[in-house]
Amino acid sequence: MNIVVCAKVVPLSSVTIRIDPATRRMVRKDVSQELDPQAAKAVEEALRLTEKHGGSVTVVVMGGEDATIGIRGALAMGATAAIHLSDPALAGSDALGTAKALAAAIRKAPFDLVMCATESSDSYTGLVPGQLAQLLGVPPLTFATSVTVEGRTVTIKRQSEGGYDVVSAELPLLVTVTTGINEPRYPTLKGIMGAKKKEIKRYTAAELGLGPAEVGESGAREKVLTVGRPPARPAGTIIQDDGEGGKKIAAFLADLKLI
Amino acid sequence: MDFELTDDQKRIRRAAREFAEGELGDAIAPYDERQTFPHEIVKKLGPLGFLGVLVPDEYGGAGLDYVSYALIVEELCRGDASVGITMWAHNSLCTNHITVFGSEAQKRRYLPRLASGDVLGAWGLTEAGSGSDAAALRTRAEWRDGEWVLNGSKAFITNASVGGLAVVLARTDPEQRSRSISAFILERGTPGFRAGQPYRKLGLHASDTAELILEDARVPAAGLLGERGMGFVHALQVLEGGRIAMAAMGVGIAEAALGQSVKYMNQRTAFGRTLAEFNGLQGMIAEVAAEVEVARLLTLRAAYLKDTGRPARHAAAMAKLFASETAMKAASKAVQIHGGAGYITEFPVERIFRDAKLTEIGEGTSEIQRLVIAREILQLS
Chain F
133 MNIVVCAKVV PLSSVTIRID PATRRMVRKD VSQELDPQAA KAVEEALRLT EKHGGSVTVV
193 VMGGEDATIG IRGALAMGAT AAIHLSDPAL AGSDALGTAK ALAAAIRKAP FDLVMCATES
253 SDSYTGLVPG QLAQLLGVPP LTFATSVTVE GRTVTIKRQS EGGYDVVSAE LPLLVTVTTG
313 INEPRYPTLK GIMGAKKKEI KRYTAAELGL GPAEVGESGA REKVLTVGRP PARPAGTIIQ
373 DDGEGGKKIA AFLADLKLI
Chain L
27 MDFELTDDQK RIRRAAREFA EGELGDAIAP YDERQTFPHE IVKKLGPLGF LGVLVPDEYG
87 GAGLDYVSYA LIVEELCRGD ASVGITMWAH NSLCTNHITV FGSEAQKRRY LPRLASGDVL
147 GAWGLTEAGS GSDAAALRTR AEWRDGEWVL NGSKAFITNA SVGGLAVVLA RTDPEQRSRS
207 ISAFILERGT PGFRAGQPYR KLGLHASDTA ELILEDARVP AAGLLGERGM GFVHALQVLE
267 GGRIAMAAMG VGIAEAALGQ SVKYMNQRTA FGRTLAEFNG LQGMIAEVAA EVEVARLLTL
327 RAAYLKDTGR PARHAAAMAK LFASETAMKA ASKAVQIHGG AGYITEFPVE RIFRDAKLTE
387 IGEGTSEIQR LVIAREILQL S
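Protein sequence lines correspond, in order, to chains F and L. Those letters in the first sequence? Residues 133 to 391, per this note's numbering, in order. Those letters in the second sequence? Residues 27 to 407, per this note's numbering, in order.
Hints are computed from structural coordinates only; laboratory data are not their basis.
Calculated Cβ distances over 12 angstroms to all of chain F for the following chain L residues:
#1 164
#2 175
#3 225
#4 244
#5 246
#6 307
Taking lysine to any residue and the SDA-like style, the derived pairs with C-alpha atoms no more than 20 angstroms apart in a straight line are:
#7 F/322 to L/86
#8 F/322 to L/142
#9 F/322 to L/143
#10 F/330 to L/83
#11 F/329 to L/34
#12 F/322 to L/40
#13 F/184 to L/73
#14 L/36 to F/325
#15 F/329 to L/83
#16 L/70 to F/320
#17 L/36 to F/147
#18 F/328 to L/86
#19 L/36 to F/146
#20 F/322 to L/36
#21 L/36 to F/144
#22 L/36 to F/163
#23 F/322 to L/82
The beta carbon of each residue, even a glycine, is placed where N, CA and C say it ideally should be.
Required output: the full structure, derived from the provided sequences and hints.
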């Protein structure tokens, strides 16, 4: 089974993210990067499936040169190979442009299963997997909390508000995984050293057959107009206990219809 | 001059940090409190490669350099020094003695089991009456009926009761002084060879330390490690690497203490301000941070000398001396910054303080390090 995992490389979770006011994009230059912890869960699930059923795991990442550290991270976990889409012509792509680039790269080799995180942990649009499934012409099974494969049938438990639905479809298809699906393995020292020897294929936008009308800033039909801070929370109410404190708190909660 | 770590070294440090942050720290506190060995957690080290860091690939190890090794030891000890010392005593002492001085047959027989973590290794030089003083070493090995018979005991041995294998130093030629000590490999289960009751210690409660007792313990000829009579000479070389590891442990403990201090100073308020805003406490933090940086640079330089095949004895002694005293100082300041909270077991600095003291004692006390450094500078033999 050939599994392709679409992964993103994002600023380390300990980094405070800055937004460039001119481009309204996240500043990624000189910021320590890592394999998106959400994507790591997709990589982990893919590795577990190939450990059970055989096959390969190829990781596809779109991002600048410094994304290499995250790509090596996925290879150190055990991924077989990686594809890096790094080209200034791709910078500024919107979700659909990203999906087009990923789809073009995935189509270059036969695949059975495409796996993605439900959403990335830096921009959280959650749009790419659905668009990607459409472009690849495969069914998407989303919000998986578990994935099992029997023959050509993939069955997932889809997380829902009250529990889960059991959904299945035939390969080829796309699965998005939830945060709770697994605990990704730590890379081994041998894995880290071995990752250097694994192949990272690189494609430019032109090699993917994509032009400025489809990808990059010029191809983006979705524009970020402003970036702002969440509204400050209103100040809380302080009740001084003058002997009637309990009653006042009860009245306050009753006003909110909480009691 | 290049102060930049290689990409591999950065990735390895990050992997060790991820493991330490995910698996050590507060998770070890209950073991420390009960003074029990965290088998469940130590078991995770082998598959990740942390128990064969310096062992060549062909014997199942990761085959890494000393700089990478020092970074791993620092990160694990920053997470928890008990697990850290369990790991590096296994790597630097027992395993490395066999890696560097073992015969091909010994390396094939023992290294894969050590590197995978199937067995933990212990290393016995110190005795109740002798440490760095080789002349006072009393454990004896006599050649009787085609095998070595060992008698004596080794004191303060890390991994003594949890280990499956030990390298032990014993006197093989009572008359000769300089070339009279040899090294032996002893497997658990060898008749006459056992560990004593684990000691109750000031710190490092989640590590295993006990006596190794030899009562007519029989070792076949193949168990002699290195040439007969060269044991102490080889042991000093093994200790050179051990001192780099102990220095890295000091850096890790100091970094942990500093991290706790920073966290607490930003949280705790007094007189309407956070502790971070008080000048006197800022001074403590600045001083400790600078010394941690010096300790780390000395440690990595000693590791670098070792990697480039140059004499590292002097640099390792300096690194070990400075890093261990920095660990103690950082821990002491951390307790002081925490005030009453630092003196109780609820906060990690109490444990860090107890753990730090060992770094000034093991692998040659601070006094021995000063002796080694002074002898080199004064060119005394």
